[in-house]
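Undergrad: Given next are the chains, with one letter for each unit.
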Amino acid sequence: MKTLVSLDVNGRTYEIAVSPELTLLEALRYELGLTGSKQGCDKGDCGACTVLVDDRPTLACLTLAVAVQGRKVRTVESLAQANVLHPLQDAFDQHGAAQCGFCTPGILMSAVSLLEQGGDAPDRLSIKKALSGNLCRCTGYTKIIDAVEDVAANTSSPGPPGHTGS
Amino acid sequence: MTHSQKTPLHRPAPHESCYLHVKGEARYVHDVPPPPGLLHAALVTSPVAHGRIVELDVSAARALPRVHAVLTAADVPGVNDCSAVIADEPLLADGEVHCCGQAIAVVVAESLADCRAAVAAVKLRVEALPAIFSSREAVAAGSYMNGVHIIERGDVQGALARCALRFSGEIETSGQEHFYLETHAALVLPEEGGTYKITSSTQHPSEVQANVAKVLGIPRNRIVVEVLRMGGGFGGKETQGAHLAAWAALAARHTGRPVECWMNRDQDMLFSGKRHPWYSRYEAGFDAHGVLQALDVFTVPNGGWSNDLSRAILDRCLFHIDNAYFIPHVRFEGRIARTNRPSNTAFRGFGAPQGVMIVEEVFNRAAEALGLDPAELRSRSFYRDDEEHNRTPYDFPLPGPRSQRIHEELMESSEYVARREALEAFNQRSPLVKRGIGYQPLKFGVSFTHSMLNQAGALVLIYSDGSVQLNHGGTEMGQGLHTKMMAVCAHELGVPMGRIRAMNTATDKVPNTSATAASAGTDLNGAAVHAACVTLLARLRPVAAKVLGVDVARAPDIAFADGQVYIPGESYETSFDAVVRRAYEDQVSLSSTGYYRTPNIKYDASIGRGKPFHYYAYGAAVSEVEVNLLTGEHRVLRTDILHDVGDSLVPSIDRGQIEGAFVQGLGWLSCEELVWNDKGFLLTHSPDSYKIPTIGNMPTDFRVELLQQATQPDVIHGSKAVGEPPFLLAISMVTALRHALASVRPGAAIELKVPCTPEAVLREIERLREAVTVQERQHELTT
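First to last, the protein sequences are chains A and B. Numbered according to the working numbering, the first sequence spans residues 1 to 166. Numbered according to the working numbering, the second sequence spans residues 1 to 783.
Simulated from the structure, these hints should not be mistaken for lab results. We put the CB at the ideal spot given by N, CA and C, even for glycine. Check before you lean on any hint, since a few could be wrong.
[Said to hold, decoys possible] Chain B is faced by these chain A residues, among others (derived, beta-carbon under 8 Å):
hint : residue
1    : Glu31
2    : Leu32
3    : Ala82
4    : Gln94
5    : Gly101
6    : Lys128
With the hints as constraints, model all of the structure from the sequences given.
TA: Shown next as C-alpha cells:
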C-alpha cells in the first residue's frame, strides 16, 4: 500500500508515492534518480549512504522515506553551487582523497556536517571522530583527513546554507 | 624562444575522475539509469556445503506474477561453465553442489522483491554429503586439486643438519574479504541480431566476454563488454564478476529484455571467494652467524571448491617465500586444497603475502630464540649484488637488489635503533601498556606468472580539433591507472592532460586483453599507449615540418610539448591543433593502435627454473605499536615506509596506493576475521560483523616516502608497479606486536596467531602468563 509523500531534497520538493518500507536511500536513488548516495551495505555500517537531514549526518539506508517528510534532506548533489565546487570537493580533488570514489559522497557529507558546526577549526582527532562511521577501502584515510583539515584551516565556517552561522 | 618542456609525467595529478566522484556524478554499474523494460536477476543458492540435488522444482516460481523466467542448468544454451582457467566451475549447479551459496538457479523478475518471492517459491531439496573446510582437513584427507609445484635448490636436509639453530613449525594465515565498496554488478542489454552489450564491474572485460560467449554458445564478436569504473576491485573482480554477467546474459537471452544482476553486501560476501587461507609446515636452519641457510616448506592454500586462479596464486606464493633473502638451500612444495568453501580467488598480493609470512615467522622466531634485533638479523640474509648471494630459488640472478640500500636509509630516517632501545626502557617501567617496534623489508616480482598474459593493447584517436580519445586494455578501479595512462599519452603527444579523454574500457576497442591485475596495469598498458603515440608522432612529424615551413629532413628535430610544436632553440613554432588540422587536410591517418609484450620472461614449473618476472619492486617499513595487556587492544602509533616505485609516473597516485595497501594489510593481519559455522556457512557476511580498518585504525603518525634515484630500466619511463607490493609491509605490525609481547615473559616463545585481533592478542598474553606460572612451578619443584 503506497502513500503519497512530499520530500524536500536539495531545496526541491518532490511528491512521490512510496511503500512504507521504502528507505530514504532507495527513494533518492530509485525514485528521484539521485544516485550520488551509494548503497554499500544496507545496514548502517559503511556510511556510503550518508546524507544530511536537517543538517545532521544521517544514514539514508536506515531511514524510512516517510520519516523525513517536512525535513530538509541534502545529498552530495547539492554541494556544488552553479557548477562551483564546495571547498571540500575542491580539496578532495587536490589531495587525491578519492580513489575508487564510491565512499566519497558519504564522507563528504559527514565532513560538511563537521565543518558547518562552526567554532574552532577541528583538529585531526575531531576529523577522525566525525568520519569514524565512513568506511574507505582504497586510500588508507590519510589524504581524506588532509583534505578536510586543509579546508577547516583555510575557511571560516559558513554554517549550513540558509543559516547565519554560529 | 625557450620552452620548459612541460610534461605531466613525474608530477602529482588529481585522479582523472575525482571531479565526478566529489559531485556524485561518477557512475558505477548500479547507477546507470534503468533501460526500458529492465528486469532483475537473483539466485537460488545451495543451503549446504556439499550435497546432491534431489529435487529442484521451479514450476511454482515460474507461475508467479511479474516473474519472467526461472533458469537452471538445463536452460544454458552453450557450455555450463564460468571458470577462469580450467573448465571446472558450472555456472549453475548440475546434480551436485560444492559450497554454501553456490548458484543453482536464476530467477528473473520485475523487481528485487519479485525476485525474492520467486526464490522462496522454488522447491529445492539437497541431500547433504560429507564436507571438508580447511587446508588441514584437506591435507589429512588428501583432498587436493591438480598438480604439485616444487622449487628446489641445494641440499636442504644436509644443510639443516649442519645448522647451529634449527627449528620447525606450522603457520596458518587467514582469509580476507575484499570488501570493495561497490558490490558485484552487471547489466546486459540484448541488441539486434542476437548481440549483447554488457556493462560489468570487472577487472577482466575480455574474460567476461569469453565466458558469456561460452555460456550462450555464440562467438565473442557478438558481445561487447564495457567497464565504466569499479568501486574497488583488489583482485575480487578479476574472475568472479563474470558470473553475474553470465547469469544476467542468460536471463536476457531467455526474456529478450535488459537484465541487471546486482548483489547487495550480504549476497556478495556469501557468494564471492576470498583471499586464500593458508596452511604451511616449515623447517628452518641458521648458521652460527645468524644467516638463514636452509628452509624447507610444505604449503597448502585453501582453494575452495573450484580452481579459479589458485594455481597461479600458489605459484606466486612459492616465488615469494624467499622475500628479500638469499637462502642457499631451499625446498618449497605447494599443493592446493580442494574444500567446500566458495572458490578463493585473487586478492592484492596473490599468494605473496602468505608466502612471505612463512619466512618472516621464521626470522621472528629465530631473533627471539637468539635474543637478537629481528631487523638486524633479517639484514644479514639479504640478497646482495654479487654472484654468491643474488640467485633466487628458481635460479634467476637478481639484477641490483635494492634491499640493503632501502634498509640503511629507513633505519636512519625512522631512528629505528634508538627507538627500539627507548621502547624497551618504556616497557620496563610500564606494567600494563607495552610497546614494540617491527621492521619489514619486501621484494616483489612484477609480471603475470603465466607469461602469455604479459601483453597489452591501446587505441589512440586524435580528432581534427586536436582533442584525443585514449583507449587501453586496463580497467580503472580507483588505482589511478587512467590518470597514469593520460599522463603517458599527454607526454608522448605533447599536449596538456586536459586535451585527453580516457574512455571506458571496452572489448570493441582493445580485444583479447589480460586482467588488470598483477600490479602490471601501468607497465603493460602504458607501453602500449606509448607505442600507439610513437606511431602517430611518426605520421605527424612530416606534417609538422610542412606547417613550420622547414625541410622534411628536419622532422626528427621537432618537439611536441604542452600543446606546442616547435624546433628547440629556433623560432619555428606552431600548435598541436594546427598540425592535426593539416594532417587531416593532407589525408594522414589520425588513429593508431599500440601493442606491447613483456620481453624475455619464461618459467618452467616442471623443473622450477626460469625468469618469471620482468623486474622486482622493493620497499621496507618500520611500525611501532602499543598493546594494552588487560584487553589485548592495540594500535599503530607510527609507521615509516620507504618504497621503491622507480621513477614514479604520478607520485600522488603512487602514495595513495602505498598508504591504502598498507592499511589493507593491517586489516588482514589485525581486525578482519572471517567466521564460518560448522556447516560451512559464512557468519560474517556484512560489515556489522566483519571489520575492515576504519579511520581510527590507521597509524597515528604515518610517514610514506618514495625511494629517490630509483629508475627502473626497460619499464615505461623508468617507473615500477605499485598496486600489490606495499600490502606486505603491514607484516611490520606483527613483528612489532611480538616485540611488545616479549616483555610479558622475556625469553618465552611467542605463538601469536593472525589475524591479531584483540582477542587473539589477549589469548597470547594469557598463555604467556600461564607459561610463566608453569615454568615457575617447575623451578619451585626442582629447587
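Undergrad: Which hint numbers doesn't this structure obey?
TA: The structure conflicts with hints 1, 2 and 3, although it agrees with all the remaining ones.
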